[in-house]
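Each chain, letter by letter, is given below.
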Amino acid sequence: MSSPTGPLDPPLQSPLQAAALGLRYDRRNVIDDLDIVVPPGSFTVIIGPNACGKSTLLRALAGLLPASSGTVLLDGRDIVSYSAKDTARRLGLLPQSAVSPEGITVAELVARGRYAHQRLLRQWSAADESAVTDALRVTNVADLATRPVDELSGGQRQRVWIAMVLAQQTPLILLDEPTTYLDIAHQIEVLNLLHDLNGRGRTIVAVLHDLNHAARYASNIIAMQDGRIVAQGPPGTTITAELVAEVFGLANVVISDPLTGTPLVVPADTRLPHPVVTGA
Amino acid sequence: MATIPVPAVRAGRGAARAAWFGAALVALITAVTLSVIVGANPLHPGAVLDTMFGGGTAESRFVVWDQRIPRTAAGMAVGAALGVAGALIQAFTRNPLADPGILGVNAGAAFFVAVGITFFGVTSPLGYVWLACAGALLLTVAVYAIGSAGGQAAGPVRLTVTGVAIGAVFAGLTTGLTLTHPDAFDRMRGWSAGSLLERGFDVVLPVLPLVLVGLALALWAAPGLNSIALGPDVARSQGVNVRRIQLVVLLAVTLLAGSATAVAGPLVFVGLVVPHVVRWTLGTDQRRIVLGSMVLGPVLVLASDVLGRVAVLPSEMPVGVVTAFLGAPVLIALVRRRSATAL
Amino acid sequence: MTGTVSTGPVSTLDVGRRRIVLGIRGLTVVIGLRSALVGVLVLLVTVFLALLALALGDFPLTLAEVVGVVTGQVDGLPRIVVLEWRLPRAMAAVLFGAALAVAGAIFQTVTRNPLASPDIIGLANGSFTGMLVALLVLGGSWPLLTAGSLIGGLAAAVLIYLLAYRGGLHGFRFIVVGIGISAMLASVNTWMLLRVELETALFASAWGAGTLNSVTAATAVPAGLSIVLLLALVPLVAPAVRQLDLGDDAASATGVAVGRARLAAIALAVCLVSVVTAVAGPIAFVALAAPQITRRLTATPGIPFVTTGIVGGALLLGSDLIAQHVIPLTVPVGVVTVVLGGSYLVWLLIHESRRRA
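Residue numbers (our numbering), protein chains in the order written: chain E, 1 to 280; chain Y, 281 to 623; chain H, 624 to 980.
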């Protein structure tokens, strides 16, 4: 909706935007003529029903999916004009599908996130060391560092992948459903971590499926449906009962979260009454 | 209640599928007819028809009843066996590079045939049949035993690697043997090309029961394979005995591929290309793939055989050589045309 | 398990696997300890095998004489025997084995399939076709055969690439087209072998199994130099290839230009295999088995390229020794590599499952 108005001071320029973006996937036009601006320093969350194009959009913003029309701008320049390592130093992505090589340990996998900072003859530096150590600590997997990733539970493995993205040390982090496989405590832990990173200056863009998590943590919500953005803005004004009903097809009520004051979506009670059984 | 993804059917609804099978059957009948009518010996179709119903000369009777009809029967059996074996092995290993020989069937058969030729002077197709059967069976058992060493049931990946390794060892031994015995080499190069020449009923009938049993097992296991494709846990929760299906599949592949190799020599490509073509035009339901392969396999083998008979008159191009030229272009055209997924 | 030995930048991070971090003035290299040890050990074995290769044969020499020739102290017949007859062949065996092994490692890493080998893209069959055409149609002198094989293999690879490329090189389509072309070429080869006289067919098949019999200094030196040059390029693509281990998305996200890296790596592997095949024919199984054997010996998550090269060299040299001196009949080295490599792989599989049970 809002578009950049020309050269701004670097701290205020949007790190990630798309202009008139068109995306094709499997020969279908998934997204057409879409404009999006990620506010610098924001915690942007993209929500929407299944197959609305949010994952596709995220991949395009990360440079994984080439635009069939329009452009994606990273730090003000067309994303395709950056080299692969350059992009990786500015933007980190937690992908949906990643394969852990057989037998790799946690620390080794997290260290792989340092690829963009390394050279042929500069395979390990003090910076690499501290980045990896910090990432392990912050995601609470430091005590698992020497264990093979194959042996971990789904939740632990997810945290290791997040640590790998953190080790990349990018000012911009994109995450596609980072809370999959995690139990509720760890989901909150990861979201708190993202909130913390955001507080220290990193711009976060995440696709989340839980509306209430989105409402509580995001500073900027982008709601999508059928490849189009239907609403954008802070959660307080964006997540309304009408929006949820329209986009998700769910009858609902939106109240104020008793602890944080952010919107809390409560599904309407549509349970069918149990049949009454007569007789003793 | 979890939503279980249903494999998408690519060919539309029942009408399209019926049309597919109709076309395939027409192709099969055409191939069979051509196989009986066409040959190096120029016989008028009328004469062939006459001979089939009791008339004809001694020569035409020999050509039709001792050569062409048995050969056609062999081609049908081999084609159906290889097509279905290929479908099973690809579903079982979930690997597009898999062909029925991956369990060592071809390597075992070839080795035993080579040994028979070199040390026991075996020269007839009938002799080859028994040697090949024995070799195929023994090697598959060895592959399964080694693949399962350690008590666990052998999973598809393990079996594949074991089959490739053991198959390679025996292929190497066969090469070593034939390169040091020129007579054996001469006979083997004929057999290893894959041929239906001189395959009479005496060669086909002994293995026919094995093929039929194999086909029946394949049809029995096909619905189970559909469930297994969704993941072994999902399959088990649907009541499918995964271990039993896997064993049945292995048995069926051994019977089918072993019999086919025993009759015609190694015809590797049929088992590779036919299931791919069926899957890409008919969908991912294993029952249909098995049935489709049963019809399309013979079409490929017979068409190749017919072509081989007339392409380089007066000599004959073995069917094993022609199948690649017929099958590969189809395979490549299909994989280029669609955004084909692995399975 | 404390991890690291280091000089220069301190690395106290324990990654769960012993590694050596060597650093001088800001340049650092990380080496897996176990990989290095295995590499050194196998290298020693290779040296021993090489000495054997120089000593054994129709004119047996003692090890002392061999060492004497190498150090320049012994002259005359032993010198000719060692330097002109046996050394080219032994060096070729080591270098060709290394080339094939590294090519196989690249292929298996890039396709994430432990069964992948350069053969699947029709190189072996294409080389054979080229060689057969040169032999049967063009007269068949050795340089012609070498050229034919080189052209045939590369032409097959290019054909597959062109057919498989449709707006991008998708792995599955590449594999399937490769299988199709390979099968057609195999049929052409079978047909040609059937049509010629027995002797020619035997000769061609021996080449087709992979043989070092025809290696002389004239052929070994250019091939060896080419291989050394190509192998020197491997470290340039190795980090990117190793990152591809994580899947295309993660590799791209961490900074790999996936399409370009894959293409460069495969092109390098194709060149390595083509050079070997041109001189010695398609030697099977080294490209397939050496990486897998190495990975199991070093117990690393990926395939270490340098160690794999060393293992490949030892494998081919050992096989050639067996082919020449152990087996009473003349067998091509390719037969020995297949039987040896396959048997060892089988043994490893049994051993692996017993350990897990």
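Careful, some of the hints might be misleading.
[To be verified] Label-pair restraints from in silico Cβ distances:
| # | chain 1 | residue 1 | chain 2 | residue 2 | range |
| --- | --- | --- | --- | --- | --- |
| 1 | E | Ala245 | H | Arg883 | 27 to 35 Å |
| 2 | Y | Leu406 | H | Glu820 | 49 to 57 Å |
| 3 | H | Thr694 | Y | Leu418 | 50 to 58 Å |
| 4 | E | Gly103 | H | Pro862 | 53 to 61 Å |
| 5 | H | Ala840 | E | Glu151 | 37 to 45 Å |
| 6 | H | Thr839 | E | Gly103 | 54 to 62 Å |
| 7 | Y | Pro503 | E | Arg200 | 32 to 40 Å |
| 8 | Y | Ser517 | H | Thr953 | 34 to 42 Å |
| 9 | Y | Arg617 | E | Ser219 | 46 to 54 Å |
| 10 | H | Ala840 | Y | Asp346 | 57 to 65 Å |
| 11 | H | Leu650 | Y | Asn521 | 57 to 65 Å |
[What the hints assert, rightly or not] Computed far set for chain Y versus chain H, every beta-carbon distance over 12 Å:
| # | residue |
| --- | --- |
| 12 | Ala304 |
| 13 | Val421 |
| 14 | Val437 |
| 15 | Ala445 |
| 16 | Ile446 |
| 17 | Thr561 |
| 18 | Val615 |
None of these hints come from the bench; they were simulated from the model.
Remember, predicted model here, so these are calculated numbers, not experimental data.
We put the beta carbon where it would ideally sit given N, CA and C, even for glycine.
A quick look at each hint next to the structure:
For the pair Ala245/E and Arg883/H, the supplied restraint of 27 to 35 Å is violated, since their beta-carbon distance comes to about 47 Å. Between Leu406/Y and Glu820/H the beta carbons are some 28 Å apart, a value that contradicts the proposed interval 49 to 57 Å. Taking 50 to 58 Å as the suggested C-beta distance range, the pair Thr694/H and Leu418/Y conforms, at roughly 53 Å. Between Gly103/E and Pro862/H the CB atoms are about 19 Å apart, so this pair departs from the stated range of 53 to 61 Å.
A hinted range of 37 to 45 Å is violated for the C-beta pair Ala840/H and Glu151/E, which are about 53 Å apart. With their beta carbons about 43 Å apart, Thr839/H and Gly103/E fall outside the hinted range of 54 to 62 Å. Taking 32 to 40 Å as the suggested C-beta distance range, the pair Pro503/Y and Arg200/E does not conform, at roughly 56 Å. Roughly 59 Å separates the CB atoms of Ser517/Y and Thr953/H, a value that falls outside the hinted 34 to 42 Å.
Against the hinted window of 46 to 54 Å, the Cβ-Cβ separation of Arg617/Y and Ser219/E comes to about 47 Å, which satisfies the hint. A hinted range of 57 to 65 Å holds for the C-beta pair Ala840/H and Asp346/Y, which are about 59 Å apart. Hint check: Leu650/H to Asn521/Y, Cβ distance near 59 Å, so the stated range 57 to 65 Å holds. Taking the minimum C-beta to C-beta distance to chain H, about 21 Å, the non-interface status of Ala304/Y holds against the 12 Å cut.
Non-interface call for Val421/Y relative to chain H: holds, since the shortest CB-CB distance, roughly 14 Å, exceeds 12 Å. Not every CB of chain H lies more than 12 Å from the CB of Val437/Y, the least distance being 8 Å, so the non-interface label is violated. Not every CB of chain H is more than 12 Å from the CB of Ala445/Y (nearest about 4 Å), against its label as outside the interface. A cut-off of 12 Å between C-beta atoms contradicts the statement that Ile446/Y is not in contact with chain H; the least separation is 6 Å.
At roughly 15 Å, the least C-beta separation between Thr561/Y and chain H is larger than 12 Å, which holds for a residue marked as non-interface. Against the 12 Å criterion, Val615/Y falls within the reach of chain H, whose nearest CB is about 5 Å from its own CB.
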